[in-house]
Each structure stands twice: as structure tokens, then as C-alpha cells.
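Colleague: Chain residues, written in single-letter form:
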Amino acid sequence: MRTVACPSQVVDPWLAHTVRIVSITDEVEGVATYHLEFADADTADSYSFLPGQFNMLYLPGVGEAAISISSDPSAQGTLDHTVRIAGNVTGELARTDVGSTFGLRGPFGSSWPIDDCAGGDVVIVTGGIGLAPLRPAIYEFLNRKSEFGHITLLYGARNPFGMLYTSEYDDWQLRGLNVNTTVDRSSQAWQGNVGVVTQLLDRMPVPDPKKTSVLCCGPEVMMWYTARSALGRRIPKDRIWVSLERNMNCAIGLCGHCQFGPTFVCKDGPVIRYDRVASLLKVEGF
Amino acid sequence: MINQQLSGKEMFLPKSEIQSLIDLLRNDGFTVVGPTIDQEAIVYNEIASVDELPRGWTDRQEPGKYRLQKRGDDACFGFVVGPHSWKKYLFPPLTTVASAEKTEAGWQARTPEPDSTRFAFLGVRACELAAIGIQDRVFTEGTYVDPVYAARRRNAFIIAVNCTQAAPTCFCSSMNTGPRCTSGYDLALTELEDGFVIESGSKEGESLVAGLATQDLTSAQITKADSVRQQAVDQQTRHLDTEGIRDVLLTNLSHTRWEEIGDRCLGCTNCTMVCPTCFCSSVEEVADLSGETVERQRHWDSCFNLSFSYMSHGTTRDRISHRYRQWLTHKLASWHDQFDTSGCVGCGRCITWCPVGIDLTEEVAAIRGDGSASATGGAT
Amino acid sequence: MLHSSSPEVDAFGSRDADFPHLVQTEADITETPMLIDLTDQIGDLQFTSTLPEEVRQALAGIASQRTIASGQFLCREGESCSELFLIASGHVGLDMFVPGRGQVRVMTLGPGDVLAWSALVGNQGATATGVALEETEVIAFPDDALLQLCQTNHDVGYPLMRELAKAISHRLVASRLQLLDLFYEGSH
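Sequences listed follow chains A, B and C, in order.
According to the working numbering, the residues represented by the first sequence are 1 to 286, in order.
According to the working numbering, the residues represented by the second sequence are 1 to 380, in order.
According to the working numbering, the residues represented by the third sequence are 1 to 188, in order.
Treat the hints with care, since some could be wrong.
Derived lysine to aspartate or glutamate pairs resembling DMTMM-like cross-links, with alpha carbons at most 25 Å apart [said to hold, decoys possible]:
1. K267(A) with D216(B)
2. K211(A) with E79(C)
3. K203(B) with E285(B)
4. K282(A) with E206(B)
5. K224(B) with D73(B)
6. K203(B) with D115(B)
7. K88(B) with E10(B)
8. K282(A) with D337(B)
9. K102(B) with D208(A)
10. K267(A) with D59(B)
11. K282(A) with D318(B)
12. K237(A) with D247(B)
13. K15(B) with D38(B)
14. K267(A) with D263(B)
15. K88(B) with D45(A)
16. K166(C) with D45(A)
17. K267(A) with E285(B)
18. K267(A) with D337(B)
19. K102(B) with D97(A)
20. K224(B) with D241(B)
21. K102(B) with D202(A)
22. K282(A) with E260(B)
23. K166(C) with D40(A)
24. K267(A) with D45(A)
To be clear, the hints were calculated from the coordinates, so they are not data collected in a lab.
Predicted model, so just to flag it, every value in this text is computed and none were measured.
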């Protein structure tokens, strides 16, 4: 018979904590931010996460959805998820009111390499809802501003109405983030950039590419072309990081759904170094 | 437990004593599971009597074909492997992983108490021992441990049986997983005409043997046991070249062969259901009528199902060729990166139970560019 | 903001021997000190930064620097434009007229980008309107002089056209990515 190792696993990974919706902020059409608190005080005290990690939000009777965390990791007691209505779970969440409870498992997955970025410039390239998983990283960079060189956000949206967190840009800018936005489709009132977000990377100064890190989150095609632009600017491929998305069912690497070649996106990702997945990103249907 | 200091002595167990073995285990609180005949196949079920074993029956297997046939003797284990594997007990096809209840304080989630069932598996083949070893890595040796598997596995008692024959679909020699059982068991049997050679692989196994009417082995019995075990080696004709297989597959993701397989493959999921190492699953919500008590039920799923890679903005693997490629590259290539082992044990079930007889050894050979395909030619 | 001079640009300084026939004499350069400025400027901008020093100097010989006030046009859709522009600083909007929608901005250009290449590749009129979105510094190359330079000196013409093809290819990829509508997230 066999001794089965149960190393550090104290809590059953299938157990969901009860969370309550404290408030809801409407962001853009079909996207809202849910500010949550744990029902249990001990869980609230012990819970912590790293920028880039996600939680499984569990609506009993409907199912679970993997949603990245969007709040400041150092602000104890706040836990925000910016959610786009995309399926059954997120659709049901959109019909849920302040004060309601549901389940949460997490945090899961890898995080943005904040420490590895120290001592150099940082370029955050993202688009649409992709800013949500990078917001905790932005807070972290700004909280530790002196450790980094120039920190730049290049943010693309479908149109001027598709940009998240616009009310925070002035504050971010004041705290030292160089915020650059662009849209694929302009409107009459839009005075900013028009064009795909990778063009902002093509154009911006990169004085010390070897010490510049790129953190990217968006559709795979966008991330691939961002990496291409970054490589064109002589930024090394091991300094480019992407956040991948796959169907996540268990979040603990046991169900097989989220595999991307050797990578279990739920536990080896979602944040992963570009050179580790580069060869697979353009394989159709892989 | 396995790997403790053991006497290592082999004994002779008369055929009549198999019932005593079953009885001892049952009296000790084990649920004994062994091969039985059901729906014209040899499958694993709970047993209480030696009479439930498929005595005198064997299986004839080929790509896409499986038939039972009478043997000329009354061997209890004179067959190879059927559609079932032990994973159905350690990683149940349907199980509750959590539940939730609506209370006055809101939704409260719970997880079930660890399963206390103690299984004794009778008739575990070498390739199946290897498969259990692989699932041990998947479910219990990573960042997260699956509580359902861990509880059932912890309690399992394993009686291995050495193969004395091989099917044309077997290729465990290629995978270095058999046919000889070398570790991972509590007891191991080799079937002779009138009884078994029995050896212990754990203290628990040793103490169980102490309660059986064993005899010292004769030199003739030792010779006979060696020769019937050698038969299983000699009869193997199918071969999978594993040399550099990970890179061969992962550098050929755009090979035209994938589309050809995609045209033949029905995407039926049979190969993944019969595979003793496939571990893919999905969790679904099962609510009562009031919607206030919900069970989270995990069921086996398959990378061949279209919904398996579904995402809100599209399905990642929307063609059968993509899904077959996912299955084969996972099993034989990326499994090495993930678990430091192949995901294939060479049992041949996926070949036998494929309705169109797709043979992975042949597909790997084609992607390698061998032209020769498998040694026996396989099915086309 | 201009790019600071990067090492790979400086590296071309040592390649004079590869293009002996292109080397301008000291006298040429000192006679036109303003051109030295432009050569450096041209070298700093992405479009021209990888061109050999000699080519950059030849280009500087026909170039002029200009400041475009915010709201002024560099070229107008359908009208002929006699210069190729290289943006040194500032931003230029590229607009196309759509009946019923007015001027639709399809892209914004910035430092290092070229515009008004239509005449250079034989098109009759500009395919978009270029409007300065702020005070914008450009380096202007008269098409006549540029075409003549390319035709008479293929050692200038070839690398320049190759660079132009690269810039257009880049712009084409950017347009395709825009066309893919990557951030469209489905109807809710």
C-alpha cells in the first residue's frame, strides 16, 4: 500500500470561500468591476495575492469563471474583479446585486515579474479588457516607483468608449506612469491616437532595450505582434511577458482543459515568459 | 507499504487458495475488485467469489476489434486487458468534489469528507501498475493534490498479475512498463496450470500471504513461471519508437498527417475513456429543485470533445485534427515536460477500442517519416 | 520626443569602405553646415536610422526642415503632393473622407513615420489627408529630387526604396491588425 504525500495542502483546493459584493462600478458597456469582501474574517486577514493572479468566481447552480484580480495587492481588505459579460457565469454575475454572496476559490496562477523589472524601464502593452489583470501590476510599480526607470503604459481599445479605468489615468500620470492610449476606430470627438497599439511601441524611445521589460496582455494575435515590435526594438525575448487565456475549469492543473503544449495555463501561467510559448502561439488550433 | 525490507521469497499458491485470498481481504474490510465478464468483454467489477473471474476465457484484440474466446484451460487471468482500467476506482468517472448551500448568511460551500473505501485490486497488469504510477504523479505529486484520488489511492491494496500472453495491440516492452511486474504492488501473481507463484511487494502483502496455505516452489514451477512470462515478451509484435519522441512530435505540429488522421478520427473519445492515464475532467453544477442546494460533480471529460477547449470568444481546437494532435502530443510529448514521464504505458487499449482502428504507433511512425509504420502493419 | 542616438546607428560610421563612391568630401560637408544637422536628425529617426551614412548624407542634401503648425495640412486626399515627409517630432493624423461621416481618422503618425509617399510610387494624388495634430517638425524631401537621386544613384535608390517598402509593409500590418478588430468582444 502507498503513502500518499499531502505536502502543504491544508485546505481542500475545491473549497470555495464565501464573498459578498460590497459595490459595483460600471466601467464600459458590458464590463463592470465588482468590489468584494470575504464573509469570514480569518479568510479576509489571511488572503493575499500577487499581481496577475486570478480567482475562480463561483455562482452556485451556474458554475465557475476564472477572473483576474484587478485591485491593488497592497491594499488589504480590497478585492476587485473587472468582469466582462461573456458567458453563463459572468452573465449571471451581471444580474447580481450589491450585498449578494457567492463563492471564490483562489488566488491561482503565476504573477507578473515585478521584481525582475527592477533597475530598468517597464513597458506595459495591453488592449481592451486586458488592462484588468495589469492594473495590480501598475499599482505595484507605482507603489515601488523608485525601484524602476521609466514606466510606460501603451493601451489600445476598439474605440474611445472601450477604455477601462479612464478616471484613474491622471492620478497614474501624476505618480509617474506615462499613459499612452490609442483606438482602432476613432470618433469625431477623439483627439488621441488612432491605430493599433503596437505602433506606439514602434515609436516610443527605448534607450536601454537590454534592461527594458515588456508586460503584455491582450488577444493572442496582439501579444504576438507586440512581441514582434518589442524584438524589433531590440528588447530581449526573455524580458517579454504575456498573460495567456485558456478554458480553465479546475484552476489547479488537474482537469486538463487549459493546456497549451506543456503549459497548464492555470498553474504555470497565466503570466508566462514569451520565449517559453513563442513557438506555439502561431500553431493553428493548438 | 511498498519498498519496505521484505523477504522477497516466492511461494506457490494452489488455485483453490485464490478464494481464501479474496475472503481474507473482504474480512479485512476491503472491497475486492477483479476481472469479470460483462457485455461480452472482460471488465473490472466488485467480486466476492473466484467463480466471478473469467476462468477459461481469453480476449482476441486487433485495431478496432475485441472478441472473447474460450481457452482450452481454466486459467483465471488468461487474457490481456479489457476496456476498463483501475482509474475508474481511483479517479471515479463521476464524483462530488464540493457542494454549496444557501443559508441565511448567504451561500456556504463545503467539500466532502475523504472517501474511506478500501479497494483491493485483483489482477493488475504491469502496464496498469505503470498507469497508476503516472496518475499518482498527476493527482498527488504536483502543486495541488486531488483529495478524491489521494484518499482512494492511500487505501488501495494491489494484487498484480504477470501477463503470460500478449495481444497484437500490446507494446509495453517499447514503453518499458512491462510485461513483468517489478514494483508498485502489494502482491504479485504468476499463473501456472494448477496455481500461482506469489510474491510480496509490501509488508501488508507479506502478512496477507502468511494467512494463506502456500507451499515452497519446486524448481519445475520456477522454470515454468519464467517460461510463461517470457511468452508475453515473445508474443509482442507491436512497437513504438520512443527515441526523441517528444521533439519529433512537437517539431511536427504542422505535419500533413494530422489532417489525414482528422479525416479518419470520429472524435468519439473512446481512446481517452479507455486510456488508463487520461485524466481530463469537467465539473458541473447539479442543483436540487429549489436551487438552494448544489453539488459540484466532476465527470470524466475528453480533449476530443469540442466543448473542452471552449472559450467565450471561440473554441481553441475546433477541428478533429487539432484535437487528435492535442491528445497525441500531450500523451507522448508534453507529458514528459509536465510529469517527467510518458503518458503512455503501451497497453494498446486506444488501438483496440478505436472504432476505426487508429493506431498511435503507426501515426507516430508516419510523423517520424518511417514509412514502415508499426511492425505488424497495423490497420489502415 | 526624438530618439537618442543609438549604438547601431553609430556602427554604420565604420562602413565607409563599403561605399567608397558615396563618401562625400570634407569640403562638401563644411560648405553646407545645416546639412550636417539634418544628417544627424535623419540618422536618429527610425525610418532612416538603418540607412548607411552615405545614403543619409545624400538625402540630407535634398532635404529641408519645416515646422507645421497644429491644424495645418501636409497633404490632402486626392490632391497631388510634391514632397515626402519624415516626421521628426509631433503627430500627424491621417484622415479619409467618407460621405455622410465626414473626415474619419484612420491612423495617427508620430516621430520616425513617413507620409505622402504616393507621388514617389507613381500615384496621382494623396490617398489620405495628413493634418498636424500639434506643432510638428518634419523633414521634407521634394519628390522630383528624390526620384532623380534614386534613379541616378542606385546605391542610394535601392536602400531607400527598400526602407520605404519596409515602412509601407509595417503600415500594412498595422492596418491589418486594425482591420482584425482585435478588441471587439462580441455582442453582449
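Colleague: Looking back at the hints listed earlier, which ones does the structure fail to meet?
Modeller: Numbers 1, 2, 3, 4, 7, 9, 10, 14, 15, 16, 20, 21 and 23, in rising order.
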